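A.B. asks: Sequence:
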Amino acid sequence: MKLILDNLTKKFGKFVAVDHINLTMTNGVYGLLGVNGAGKTTLMRMLCTLLKPTGGTIRCDGKDIFKMDGEYRNLLGYLPQDFGFYPEFTVKDYLLYIAAIKGIRPVVAQERSKELIARVGLTKVANKKLKKLSGGMKRRAGIAQAMLNNPQILILDEPTAGLDPSERIRFRNLISELSEDRLVLLSTHIVSDIEYVANEILMMDDGAIVNHGTLDEILSAMPEKVWNCTVPQQSVPEITKKYKVSNMKAENHGVDLRIISAKKPCETAICVHPSLEDVFLYYFGEKVGDENDLL
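Just so you know, we're using my numbering here: the sequence shown kicks off at 24 and counts up by one.
Hints listed in this document are in silico derivations from the structure and should not be mistaken for laboratory results. These numbers come from a predicted model, not from an experiment. Just so you know, not all the hints are guaranteed correct.
To be verified - Think about it this way: if two alpha-carbon atoms lie no more than 20 Å apart in a straight line, the pair counts; the simulated EDC-like pairs of lysine to aspartate or glutamate are:
#1 K155 to D187
#2 K25 to E223
#3 K37 to D229
#4 K248 to D279
#5 K151 to E190
#6 K154 to E200
#7 K152 to E138
#8 K161 to E203
#9 K272 to E261
#10 K265 to D279
#11 K34 to E274
#12 K137 to E200
#13 K147 to D116
Given only the sequences and the hints, what does the whole structure look like? Please build it.
C.D. replies: Here it is in structure tokens:
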């Protein structure tokens with residue numbers, strides 16, 4: 024399975040949401056990392072044929088996905104950030120309903136639903152109404168519906184948003200299991216979700232892929248160095264104005280800082296190996312926390 028994005032562009036009026044992206048993806052987990060408003064959701068909607076590009080093409084094994092129509096959608100599983108569900112439906116009924124919409128034969132749908140309910144750990148609540156489930160359980164039901172047609176391409180938009188740490192770990196493990204023999208594209212702004220499961224990381228900003236590669240490649244290509252140092256409390260405001268600080272911890276002897284800088288920020292600073300969080304801050308630091316729209 025191969026997806027090729029060739030000069031893919033999407034504009035809304037004069038606003039460029041996706042800006043001439045060139046990318047090739049094959050089987051494995053691709054982590055799409057960026058802040059809200061970077062263009063991640065717009066890119067995913069085009070990959071799901073929900074939006075048509077303004078320019079460029081998306082090809083699946085050499086064929087334009089918009090010309091493939093149903094042939095492509097049969098290969099596709101999609102979990103949007105805010106997926107729709109019917110609160111009065113049980114988990115089982117919900118999956119059977121979605122299976123019917125996807126044109127899956129009833130006998131196959133029964134078997135597939137039972138298998139997926141067990142795989143996502145919802146067997147004990149299979150006959151419970153969706154409205155009574157926790158956020159994590161609802162997300163698990165969401166990924167089960169995305170897997171009903173055993174897709175070769177699985178697209179997950181912010182799948183762990185709003186989940187507690189234990190649910191996020193469970194979800195990451197599930198994604199790793201599902202990534203065998205298929206292409207998985209996982210969009211998030213939560214760095215640890217990408218760090219643990221992605222074979223390749225795609226960093227997106229202002230509609231463009233600004234960096235991509237394996238975790239080791241991303242870390243080794245960090246444009247600036249990372250430093251650890253301890254400074255007096257009164258020095259912190261001045262340092263945070265001059266440098267990007269990825270971590271700060273108050274201690275009895277002062278404040279421990281983790282600083283991103285091309286030059287040594289102070290005499291006592293020690294150069295350390297960068298983390299993906301450091302890289303994220305380098306590229307997106309000024310935008311983290313912005314309440315942009317979800318384009």
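A.B. asks: Indicate, hint by hint, whether the structure satisfies it.
C.D. replies: Against the structure, the hints come out as follows:
1. The straight-line distance between the Cα atoms of K155 and D187 is roughly 17 Å, inside the 20 Å bound, and the hint therefore holds.
2. With a C-alpha separation of about 15 Å, the suggested pair K25 and E223 falls inside the 20 Å cut-off, and the hint holds.
3. Between the alpha carbons of K37 and D229 the distance comes to roughly 14 Å, so the proposed pair stays at or under 20 Å and holds.
4. With a C-alpha separation of about 17 Å, the suggested pairing of K248 with D279 holds against the 20 Å cut-off.
5. With a C-alpha separation of about 19 Å, the suggested pair K151 and E190 falls inside the 20 Å cut-off, and the hint holds.
6. Restraint check for K154 and E200: not satisfied, since their Cα atoms lie roughly 27 Å apart, outside the 20 Å limit.
7. For the hint linking K152 to E138, the alpha-carbon distance of about 19 Å falls within 20 Å, and the restraint holds.
8. With a C-alpha separation of about 23 Å, the suggested pair K161 and E203 falls outside the 20 Å cut-off, and the hint is violated.
9. For the proposed pair K272 and E261, the alpha carbon gap of about 16 Å is at most 20 Å, so the pair holds.
10. With a CA separation close to 16 Å, the supplied pair K265 and D279 stays within the 20 Å bound.
11. Taking the CA atoms of K34 and E274, the gap is near 49 Å; set against the 20 Å cutoff, the hint is violated.
12. For the hint linking K137 to E200, the alpha-carbon distance of about 17 Å falls within 20 Å, and the restraint holds.
13. Between K147 and D116 the alpha-carbon distance is near 14 Å, which keeps this suggested pair within the 20 Å criterion.
This entry does not satisfy hints 6, 8, 11, going by the numbered hints stated previously.
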